[in-house]
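Keeping their order, the protein sequence lines are chains P and D. The first sequence begins at 1 in my numbering and counts up by one. The second sequence begins at 270 in my numbering and counts up by one.
Hints are supplied without guarantee of correctness; some may be wrong.
One side only, chain P facing chain D, incomplete, derived with CB under 10 Å [said to hold, decoys possible]:
id: 1; residue: Asp13
id: 2; residue: Ala196
id: 3; residue: Gly197
id: 4; residue: Asn255
id: 5; residue: Gly256
id: 6; residue: Val259
id: 7; residue: Glu263
id: 8; residue: Asn265
Below, in silico cross-link-like pairs of lysine to aspartate or glutamate (EDC-like), each with a Cα-Cα straight-line distance of 16 Å or less [as the list claims (entries may be wrong)]:
id: 9; chain 1: D; residue 1: Lys336; chain 2: D; residue 2: Asp273
id: 10; chain 1: D; residue 1: Lys386; chain 2: P; residue 2: Glu257
id: 11; chain 1: D; residue 1: Lys439; chain 2: P; residue 2: Asp61
id: 12; chain 1: D; residue 1: Lys357; chain 2: D; residue 2: Glu418
id: 13; chain 1: D; residue 1: Lys386; chain 2: P; residue 2: Asp13
id: 14; chain 1: D; residue 1: Lys336; chain 2: D; residue 2: Glu418
id: 15; chain 1: D; residue 1: Lys425; chain 2: D; residue 2: Asp390
id: 16; chain 1: D; residue 1: Lys356; chain 2: D; residue 2: Glu418
id: 17; chain 1: D; residue 1: Lys428; chain 2: P; residue 2: Glu62
id: 18; chain 1: D; residue 1: Lys382; chain 2: P; residue 2: Glu51
id: 19; chain 1: P; residue 1: Lys48; chain 2: P; residue 2: Glu74
id: 20; chain 1: D; residue 1: Lys439; chain 2: P; residue 2: Glu35
id: 21; chain 1: D; residue 1: Lys382; chain 2: P; residue 2: Glu65
id: 22; chain 1: D; residue 1: Lys440; chain 2: P; residue 2: Glu51
id: 23; chain 1: D; residue 1: Lys386; chain 2: P; residue 2: Asp61
id: 24; chain 1: D; residue 1: Lys425; chain 2: D; residue 2: Asp398
id: 25; chain 1: D; residue 1: Lys440; chain 2: P; residue 2: Glu65
id: 26; chain 1: D; residue 1: Lys439; chain 2: P; residue 2: Glu52
id: 27; chain 1: D; residue 1: Lys425; chain 2: P; residue 2: Glu27
id: 28; chain 1: D; residue 1: Lys428; chain 2: D; residue 2: Asp448
id: 29; chain 1: D; residue 1: Lys382; chain 2: P; residue 2: Asp13
id: 30; chain 1: D; residue 1: Lys338; chain 2: D; residue 2: Glu397
id: 31; chain 1: D; residue 1: Lys425; chain 2: P; residue 2: Asp25
id: 32; chain 1: D; residue 1: Lys428; chain 2: P; residue 2: Glu173
id: 33; chain 1: D; residue 1: Lys386; chain 2: D; residue 2: Asp317
id: 34; chain 1: D; residue 1: Lys325; chain 2: P; residue 2: Glu257
id: 35; chain 1: D; residue 1: Lys382; chain 2: P; residue 2: Glu52
The hints are simulated quantities; they were obtained by calculation from the structure and are not laboratory data. Fair warning: this is a prediction, and the values are worked out from it, not measured in the lab. Glycine included, each C-beta is placed from N, C-alpha and C at the ideal position.
These are the residues of each chain, in order.
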Amino acid sequence: MNEQNDTGRAPVDQHALALINGSIDGELSSTEQDELDRLLVTSPNVRKLNEELTTVTRLLDELPEVEAPHYLQESIERQVRLPLQSDAGLEKTGRLGGWLSTNWLRTGFALAAGVVLTVSVYEMGSEPITARDSANLSGTIAKRAITGQQGVLLDSIQLDTSALSGLVELRNEGELFTLDVQLTSDGPSELVVNFAGHGLEFDGVTRLQEPVDSVSVVAGAIHLASHGEQRYTVSLRRISEAQQDAPLQLEFFANGELVQQAELNVSKF
Amino acid sequence: MHKDKDAALVNDCKRGDRRAMTRLVSQYQRPVFNAAYRILGNTDDAADATQTVFLKVFEHLADYDQKFKFFSWVYRIAVNEALNQVKKRRSQESLDDGQASSWQGPAEALDSKRLCKRVQDALMLLNEDYRTVVVLKHISGCSYQQISEILQLPEKTVKSRLYSARQLLKKTLQDDESDQQGQ
Numbered sequence: 001m002n003e004q005n006d007t008g009r010a011p012v013d014q015h016a017l018a019l020i021n022g023s024i025d026g027e028l029s030s031t032e033q034d035e036l037d038r039l040l041v042t043s044p045n046v047r048k049l050n051e052e053l054t055t056v057t058r059l060l061d062e063l064p065e066v067e068a069p070h071y072l073q074e075s076i077e078r079q080v081r082l083p084l085q086s087d088a089g090l091e092k093t094g095r096l097g098g099w100l101s102t103n104w105l106r107t108g109f110a111l112a113a114g115v116v117l118t119v120s121v122y123e124m125g126s127e128p129i130t131a132r133d134s135a136n137l138s139g140t141i142a143k144r145a146i147t148g149q150q151g152v153l154l155d156s157i158q159l160d161t162s163a164l165s166g167l168v169e170l171r172n173e174g175e176l177f178t179l180d181v182q183l184t185s186d187g188p189s190e191l192v193v194n195f196a197g198h199g200l201e202f203d204g205v206t207r208l209q210e211p212v213d214s215v216s217v218v219a220g221a222i223h224l225a226s227h228g229e230q231r232y233t234v235s236l237r238r239i240s241e242a243q244q245d246a247p248l249q250l251e252f253f254a255n256g257e258l259v260q261q262a263e264l265n266v267s268k269f
Numbered sequence: 270m271h272k273d274k275d276a277a278l279v280n281d282c283k284r285g286d287r288r289a290m291t292r293l294v295s296q297y298q299r300p301v302f303n304a305a306y307r308i309l310g311n312t313d314d315a316a317d318a319t320q321t322v323f324l325k326v327f328e329h330l331a332d333y334d335q336k337f338k339f340f341s342w343v344y345r346i347a348v349n350e351a352l353n354q355v356k357k358r359r360s361q362e363s364l365d366d367g368q369a370s371s372w373q374g375p376a377e378a379l380d381s382k383r384l385c386k387r388v389q390d391a392l393m394l395l396n397e398d399y400r401t402v403v404v405l406k407h408i409s410g411c412s413y414q415q416i417s418e419i420l421q422l423p424e425k426t427v428k429s430r431l432y433s434a435r436q437l438l439k440k441t442l443q444d445d446e447s448d449q450q451g452q
């Protein structure tokens, strides 16, 4: 690094250069700092280089923090796959029946949009809900259990991949939107329903066949993990008119891989 | 950068606790994004890199060796991902010659935004090895030892690269200023 020659000045030796940089980084011993201080007094070239490098590092240190895009955190969280929660915490979660019958559950789900939330939050202490818990929850979560196809059919998506196949239908009745899910997979599968910004709140899941392994609502997305023959209904409720025509975005995963993305029109016309 | 706290959150994530994942993402999203931004020089690429970094982090959580600090591991993935994107971008398109925009006058006279752009432009002219150590030192605030751990390089090499990078930045900024004054 002899570019100082370009300026017509004699190059500063490597030892002095190391002292200058070490001083800038606060890494010099007192002896080394004394040595540099002497050089700064006796050598104009060292003094000049010290000033220049100090300016460069100050400019670097003063570069402002750049604001990350607002969607980034939510987008990351939505895509991250974690292992299904084990049954290890079951004993600590206590009886499900008691709290299932309270309004806490629905109140909790109503907070889903925009707030990072998992079903483990509810009045259970700090332990996450387990796969077995979720299975027990299914069928009892929704107060307004939809046990059959109700409402006007708005849209549907047919899946036919090697790992996951079936049908999802979106229906509407009043303020209630229901996703009737009928899927078949050999291995673990997951349906992610993104409803953030649609003016909807999560209203519950009703199991009709096979347990849903886990249900979580995170940052405006419902994650439903299951396997085998699956039939369940996801309910969403209109709470505002915001973006009421924006389609619901669905992502289907099988064996941890995204196999299909789809949009379902919320508006009939 | 709290090792024990991070280790506990990592263990919770391994058990499938999404709240722990959210906390780790919250904690490291901004610094990772900023490091990526300074290496890549644009917001969209930095956001893509950051997203990929976290997907890789959680996908490979089982491989994480807890004898290392979690942040070092995350930064290592971040640096590698950013550098991969640099390579990918280079193979797709020639670098924008207009990156080093004209110097608008002496540093003292520049408004802060322009000055930042000049410094970022100068940073982008460094090769990736030099840029990475500068970013880890001055943007991420890592010590020589931490940079050494992240890049898996001897401290001596880290220092050497950092000192050389500063000299090159100094020269680039001085040349820009000279060019501007000559116009």
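| message | When the structure is checked against the list of hints, which entries are broken? Sort them ascending. | response | 1, 2, 3, 4, 6, 7, 8, 10, 12, 13, 15, 16, 17, 18, 19, 20, 25, 28, 29, 30, 32, 33 and 35
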